[in-house]
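**Student:** Please construct the entire structure, taking both the sequences and the accompanying hints into account.
Top to bottom, those sequences are chains A and B. All residue numbers for the first sequence refer to my numbering, where the first residue is 6 and numbers rise by one. All residue numbers for the second sequence refer to my numbering, where the first residue is 3 and numbers rise by one.
FYI, nobody ran anything at the bench for these hints, they're computed from the structure. As the structure is a computational prediction, the values presented were derived from the model and not from experiment. It is possible that some hints are incorrect.
Claimed, not checked - Output of the computed footprint for chain A on chain B, the stretches with three or more beta carbons under 8 Å from beta carbons of chain A:
id : segment
1  : 410-418
2  : 595-603
To be verified - Partial list, derived from the structure: chain B residues whose beta carbon lies under 10 Å from chain A:
id : residue
3  : Asp268
4  : Trp269
5  : Thr298
6  : Gln581
7  : Leu582
8  : Glu589
9  : Arg606
10 : Ala607
11 : Phe608
Every residue gets a Cβ at the ideal spot worked out from N, C-alpha and C, and that includes glycine.
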Amino acid sequence: MGRKLDACLNAINEVVLGKEPQVRLAMACLLGGGHLLIEDLPGMGKTTLSHTLARVLGLSFQRIQFTSDLLPGDILGTSIFDRETGQFTFHPGPIFAELVLADEINRATPKSQSALLEAMEEGQVTIEGATRLLPNPFFVIATQNPFSQGGTFALPESQLDRFLMRLSLGYPARSAEKALLLGESRRELLPRIEPIIDHTELAALQAQARGVRASDALVDYVLRLVDATRNQPQFAYGLSPRASLAILSAARAWALLIGRDYVIPEDVQAILPAVIGHRLRERTDPTGHSGGALVQWLLREVPVL
Amino acid sequence: MTSASLAQPIPRVSLNWLLVAQALVIVPFSLHIPVSLIVLWLACTFWRIQIFRMRVRMPGNWVKSGLLVGTAGGIYLARGSLVGLDAGAALLIAAFILKMLEMQTRRDALVLIFLGFFCVAVGYLFEDALLWGLFTLLPIATLLAGLIGLQQSTLSNKPAGTLMLAAKLLLQAVPLMLLLFLFFPRLDPLWSLPQPSNKALTGLSDSMAPGDIAELSKSAALVFRASFAGPIPPRNQQYWRGLTLEQFDGRRWSQSSRAQVPDAPDWRKEGVKLSYSIVMEPTGKPWLMTLDVGETDLAGVRQMSDFRWQRRRPVEQSVLYSVNSWPDAVRETVLSDGSRMQDLQLPAKGNPEAREWAADMHRRYPKPDALVDGVLSYFTEQPFHYTLKPPVLGANSIDDFLFGSRAGFCAHYAGAMTFVLRAAGIPARVVAGYQGGELNPGGNYISVRQFDAHAWVEYWQAGVGWRSADPTAAVAPARIEQGLEQALSADEDFLADSPMSALRYRHLAWLNSIRLSWDNLNYGWQRWVLGYQGQQQLQVLGRWFSGFQAPVFAGAALVILGLLALWLFKPWRRESDSQLRLFNAFERLLARHGLRRQQGEGARAFASRAARRFPAHAEAIEGFAREFEAQRYAGVSGSVGQLRRRLKNLRRSLPWRLSAVKDKQP
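**Tutor:** The following block contains the structure:
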């Protein structure tokens, strides 16, 4: 099983060049059963990453481009009158895919955003009174551009909390970019990728991640981290219990990816910036993107042992 | 600090604090050093600041040598010498000023800082009052701040932070200071330091012309303070004996040569005993003040033939001594021939009227006591006048005073009366000392000041011995009962020369109470802090420890050691968790070798860092860390013993070092 995971990572890294840590985090996010928010400039490989993940894991892939005139129906699907049968038939929206890429999620109105986010949380959608289950597994990878804020609707904290991780890909290293320029087009590469893991294996891996051992001492460390965010003055507000759960499940998935059956504090530290960076605000700057500095503070000051 | 770091330039914060510290060190000296040094200091400070702002250069060697020679020469010209306390202090301050100009590297700054500390200590030679003691905390704190600013730390660009840390360090030094203060033996100095010359001492001298005491009464300087064990005797019995003046040359009374010979007088204790202790201010004179007839056990002090107490060395620093006095003691019922001759001595010629009057009195009152009463009643009945500004007397000063001007100060009365008694054949002498003093109700002690200086008469009769008589009491009873201020007439201004003296405003109740409280505080400082040495220290320690049994003492020592151990080892911070305890030991071991775990560093990260640092021991280090991790996080149920064995392995290859190595990479 471990070998298969490594093979997955290698396959993705062949397409998304020079982004091993982010790829690994994204993988951990999916293994932990959470959704991923990627915050970056256009053209940094967000779509490629999502698409590759879908291919490697053998998931059906759908992309929704969020715009300000996007309606909830455009995401979830609508019933259309069928003249032949004389009945309304439901046409499922793009959300009924196993891996959904919600591109530029902050361009849509809150109404449409919440339609997606509710679906993410519940794993089902209710349309015209009928509850429809979303496929299993179900992942959402949302992206947003943090730098152009004009005409956008920033995701409120409550919505941000639903993403297990927030990542930023960043510019590729020089060598990686050179390889990218010299190599084949990514779009041509993508269809050639063979799925490495099937649905049952993925479910088994997720179950295995849930079974990774987190000892008392480790949980204490997580609690110390969470307590610090609740008690230290520089934090505008503390982390929710959902956040502590997120830390633990991400750390477990990370340990599994490394091939360990128990979590150590270093695992927690590895996933911490991605897991809680978007959940923290500085007291002096409650709207800004100051989470990163706070996470660094936590990593530095909270006693590990 | 290594030699390389000593040669580094001085951080800005440190320089700022050093400039402030220099000002704080030098300003109190401004009264004791030549004015030109102050000018030099201001110029050097300006120069140093300009150097710092890169407007001018550091002085060259020629300039430095010139400044050094010029300053030394200037001090020589101003003080007439380069040795001695005054010139020495001036030289020291000059060095302190010039070093700032020369200061370029950390090494120079360190020299400057230690010089500053030494200057502060030298300042105590000039001044040891409470306010000064408190003030010196400022230069010490700023010097410490400068010292901290020199170190490369996170504080090195926070001036307030360095000062706070300096204050904290000072505060932490308090327990040690108290311990040393209490227990450190006060050694007598190996050499004696002369008094600073500009500290002019006023006070009684060993001779007295009629105007001398009136001169003294213009000064409000403190002479001594006395606290009584029992009730304080009434004011009209507070005659503080200094010395006796037995030799008269027709104008001036002076100490006889006989009085210099040590010869304990013969006296008998009688009546009630008064116990008190006195803190005497420096007088530059060897005699100590006591009430009649006193007895003290201070070392290096003896009673002389005229009942005065004399110290081997002059009183150059304040002295604390305790005295028992018997006011009703019988003194010298038998007088030696030498003494009799001395106490009947009169100039061969002069003052014929007084001699004649004395003979006449002797015929009327054959008994000495009666004659004394007669003289006193003469003073009372005739229009004698008590004044600080008596008219000038002629060659026969006693005649002029007794029958002419009839106006004078206590010295006039005492001198005239002694003359008359001697002329009538009664051995008599003038006693110089202080009378009365101000009661401080808060502290229940008496402060005696220079304006309490007084002279009175002592006469002798066979079988009875010496008795005291005070003609001033007959003329101006208010002087004895209430003090000088009340005794002076309205046109004579009390303390006319010192308009700022708080003593002049005693009628303002609030000001007076502040003055008395402040005086009380100073007295406490003198008695309990400055006076805590020699016998006083032995007494206090003896009082504390004599009552203790040895086991109690040992127990107390154990308790103190135990508390110290608790504080050092902090067992409450010891981990109850044995895995963590062993890990802490692991950490301490590596810390001894200069590698400290960061707060947020996990076991694995720390171990791999340590392995990189000590590649030779990588296996042992990682072995321990693996075992720790397995037990702590993987739920492997290994025993603590296993972990301990791993640690022992590591210890064997990486032995404990006594002195911790500084962590180079934070």
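**Student:** Confirm or reject each hint.
**Tutor:** Each hint tested on the structure:
1. 410-418: Per the Cβ count (0), the hint is violated.
2. 595-603: n = 4 at 8 Å, threshold three: holds.
3. Asp268: This hint is violated: Asp268(B) lies away from chain A, its Cβ roughly 83 Å from the closest one there, beyond 10 Å.
4. Trp269: violated, 78 Å
5. Thr298: violated, 65 Å
6. Gln581: Hint holds; Gln581(B) Cβ to chain A Cβ min 8 Å, cut 10 Å.
7. Leu582: It holds, given that the least Cβ distance between Leu582(B) and chain A is near 6 Å, below 10 Å.
8. Glu589: holds, 9 Å
9. Arg606: Holds: closest Cβ of chain A sits about 5 Å from Arg606(B), inside 10 Å.
10. Ala607: holds, 6 Å
11. Phe608: holds, 9 Å
The structure is inconsistent with the numbered hints 1, 3, 4, 5, although it conforms to all the rest.
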